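Undergrad: Sequence:
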Amino acid sequence: MKTRKVPLRKDIVTGEMFAKKDLVRVVKNKEGEVFLDPSGKQNGRGAYISLNREVAKEAKEKRVFEKAFSMPIDPAFYEELFAYVDHQQARKELFENEK
1 MKTRKVPLRK
11 DIVTGEMFAK
21 KDLVRVVKNK
31 EGEVFLDPSG
41 KQNGRGAYIS
51 LNREVAKEAK
61 EKRVFEKAFS
71 MPIDPAFYEE
81 LFAYVDHQQA
91 RKELFENEK
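Using the UniProt record's numbering, the first residue of the sequence shown is number 1, and each one after it goes up by one.
Take every hint as true, because none was put in to throw you off.
Below, a list of computed lysine-lysine pairs in the DSS-like style, where the Cα atoms sit at most 25 Å apart:
no., residue 1, residue 2
1, LYS62, LYS10
2, LYS28, LYS10
3, LYS57, LYS28
4, LYS20, LYS92
5, LYS67, LYS10
6, LYS20, LYS5
7, LYS41, LYS60
8, LYS30, LYS10
9, LYS30, LYS20
10, LYS20, LYS62
11, LYS67, LYS20
12, LYS92, LYS57
13, LYS41, LYS20
14, LYS92, LYS5
15, LYS41, LYS21
16, LYS21, LYS57
17, LYS60, LYS92
18, LYS21, LYS60
19, LYS28, LYS67
20, LYS60, LYS28
Label-pair distances were calculated between CB atoms; the ranges are:
no., residue 1, residue 2, range
21, MET71, GLU96, 35 to 41 Å
22, ASP37, PRO72, 18 to 24 Å
23, LYS30, LYS2, 34 to 40 Å
24, PHE95, LYS30, 31 to 37 Å
25, LYS67, GLU96, 30 to 36 Å
26, LYS10, PHE77, 16 to 22 Å
I should point out that these hints are in silico values taken from the structure, not numbers from a laboratory.
Just so you know, these numbers come straight off a predicted model, no measurement behind them.
Glycine residues also receive a C-beta, built at the ideal position from the N, C-alpha and C atoms.
Using the sequences and the hints given, assemble the complete structure.
TA: Okay, here's the thing in structure tokens:
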């Protein structure tokens, strides 16, 4: 059986390449809204960030998404990002322990 190619994306904060499933996509749509895109299929300009709380904090400190999307980002977005990253890390740890 032929092995499938794993899609890679670059983490906007660290610049490292990761498997797409290990990142979360952040999207800016035509209306200028910035939001998380867990499905990775929403329309708009996307940027990827790894599912790591420290990387998310660094993104907030360095204002990475403001620079990437050339617009101010609501602080509530970062709270949503932190909550999502924490949730995904907890899920990953839980399911890795089951194996």
